[in-house]
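Q: Residue-level listing of the chains:
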Amino acid sequence: MAWSAPTTPIVGTPRFPDAPLPPRAGAGLKADHIDAILADDYRIGFLEVHAENYMGDGGAAHRALSAIRAEFPLSVHGVGLSIGSEGGIDPAHLERLAKVVERYEPGMVSEHLAWSSHDAGYFNDLLPVPYNAETLDRVVAHIGQIQDRLKRQILLENPTTYVAFEQSTMSETDFIREIAQKSGCGLLLDINNVFVSATNHGWKPIQYLRNFPLEMVQEIHLAGHAEDVDDEGEKLLIDAHDRPVAEAVWKLYEIVICQAGAMPTLVEWDNDVPEWPVLRREAMLADAVLKRLGPSALLGSRHATG
Amino acid sequence: MQPDDQAPAALQTAFGAALLDPDLPVPDGVIGPHGKGAKRRFAVYRNNVTVSLINALADIFPAVQRLVGEEFFRDMARIYLTQEPPRSALIFEYGGGFAAFLERFEPVAKLAYLPDVARLERAWLDAFHAADAEPLSPATLGTIPPERLGDVSFTPHPATRVVSSRFAAVSIFSANREKRPLDDIRPLDSQDGLITRPHYDVQIRTLPPGAAGFFNHLIGGATLGAAAAQTLEQNPDFDLPSAISAMLDAGVFAACSTDATSPE
Chain A
1 MAWSAPTTPI VGTPRFPDAP LPPRAGAGLK ADHIDAILAD DYRIGFLEVH AENYMGDGGA
61 AHRALSAIRA EFPLSVHGVG LSIGSEGGID PAHLERLAKV VERYEPGMVS EHLAWSSHDA
121 GYFNDLLPVP YNAETLDRVV AHIGQIQDRL KRQILLENPT TYVAFEQSTM SETDFIREIA
181 QKSGCGLLLD INNVFVSATN HGWKPIQYLR NFPLEMVQEI HLAGHAEDVD DEGEKLLIDA
241 HDRPVAEAVW KLYEIVICQA GAMPTLVEWD NDVPEWPVLR REAMLADAVL KRLGPSALLG
301 SRHATG
Chain B
1 MQPDDQAPAA LQTAFGAALL DPDLPVPDGV IGPHGKGAKR RFAVYRNNVT VSLINALADI
61 FPAVQRLVGE EFFRDMARIY LTQEPPRSAL IFEYGGGFAA FLERFEPVAK LAYLPDVARL
121 ERAWLDAFHA ADAEPLSPAT LGTIPPERLG DVSFTPHPAT RVVSSRFAAV SIFSANREKR
181 PLDDIRPLDS QDGLITRPHY DVQIRTLPPG AAGFFNHLIG GATLGAAAAQ TLEQNPDFDL
241 PSAISAMLDA GVFAACSTDA TSPE
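Chains as they are written, first to last, in the numbering used here: chain A, 1 to 306; chain B, 1 to 264.
These aren't lab readings, by the way, just hints derived from the structure by calculation.
In this text, a Cβ means the ideal position worked out from N, Cα and C, and glycines have one as well.
Keep in mind that a hint or two might mislead.
[Claimed, not checked] Partial selection, computed: residues in chain B whose CB lies under 8 Å from chain A:
id : residue
1  : ILE31
2  : TYR45
3  : VAL49
4  : LEU53
5  : ILE54
Required output: the full structure, derived from the provided sequences and hints.
A: Okay, here's the thing in structure tokens:
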């Protein structure tokens, strides 16, 4: 079943202006930046929050996000739904996500191709799944359940991975394309994840992007990564979100925008978070790429919600 | 290699168990690319899980961390999280059992006040995320005729928490949160702490003798008359007017009613 753009609630008056994500740079929202963002002459294109941080009942966090949402388009990005979980989607957590979505009427809702919860508990990390028919069926069913409850399309993000599975029978790009086709979800392309996973698994990032269904992508993520080594002493990249976007990732971003056109692009910085002007600088770099390369793109300039 | 008849559902069970127990081998089926090893690769997940949960506990319990030192805290948190990993994806709710863990954890037995400081920190964060509600105003209470005051019952504000301690846990908590020295604190003085959030800022105060019991009676649904009588019986010096004044000032309650079934 295919979902179109976010639907307007049938009952009740929306609390906020309708605000789809524009094809511009956005930033991951950090509590320490809120006053600076609201006061800044540079108007960031949109802000993205982790849904789980706003699943409390009330308090200062909600007050701050309401102030942001009144002035900026918002993207709600879940990190805890555990879409790849063998144990199914936790209905209580899906209800909590639905409440956040109803409360803030975001322009976009996205989640990860990963699992994080099991009987043993919640691991607070995005854990990998094998790419095979069994996982495919499970993930498609879970996305259907989520989209039915939220009454809107969600975007699925490509993961960062450090290991592979003997049980995998498909490439990551084939796997993701088939999920999107069968579930009707859109895709969130994290280009840092592409670069990190490609390095870790010995793929060519360009080849990955060539195989990725760019026409289904509605949002891009950029972030910084750290370097470690694997058992053989060779480079192993870590999705650290603790520094500026790497030069190689900017290059891949330019290629994607040339190919797919301008689209909402989030800069993530979740650890060792700097002052707002440092993150703003990254966002302005993305804005410059979008402005320079978006209009002449091969697939043509596209609207954020496809 | 997994046997072919192995239940596929076992994959995440084995993966999850190995995340929390570094003595377990890399789970079956988890490999590196092109025949490479997976030990260091799998260790990235172990590290992500462990470090992110230790960081979460450090964020939730900063006073406990300051009291025991960062390195000790992180080692202790690592032990706690393997015993009690989070039950939900709401990390700001994590650590409900941390105070009880500290009571059992022999290396901190000397710091007898530590569990109560942890209780205050957990209550502080609960109050921070509690639902918004206007605190009961003195004017609203003032509309009740004096002869009916004994029949009044109250609806607790969603943020209100009372934490009673046999130690000076409130002073120790506050000094650590404000990064002040502990020199003037006598740890063996018992203290009752009241945590409220009348609007957006969480407040914590120590309560005079009897007030904690009085508030607990009211929070449990007792009428003002019954709560006052019970408290005065146990504590003849209890200062009722100043407790009521503190209650309004702190925003302990959100509503009051003389109809016991439905406070408004």
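Q: Would you mind marking each hint as holding or not holding in the structure?
A: Evaluated hints:
Against a cut-off of 8 Å between C-beta atoms, the interface hint on ILE31(B) holds, since the closest Cβ of chain A lies about 5 Å away. Annotation: TYR45(B) was flagged as interfacial toward chain A, and the flag holds, the nearest CB pair being 6 Å apart, inside 8 Å. Taken as an interface hint, VAL49(B) checks out: its beta carbon lies about 5 Å from the nearest beta carbon of chain A, inside 8 Å. Below 8 Å, beta-carbon pairs count as interface contacts, and LEU53(B) has one with chain A at about 6 Å; its hint therefore holds.
Annotation: interface hint on ILE54(B) violated; nearest CB of chain A at approximately 10 Å, more than 8 Å.
Figure legend: structure checked against the earlier numbered hints; the only hint not met is number 5.
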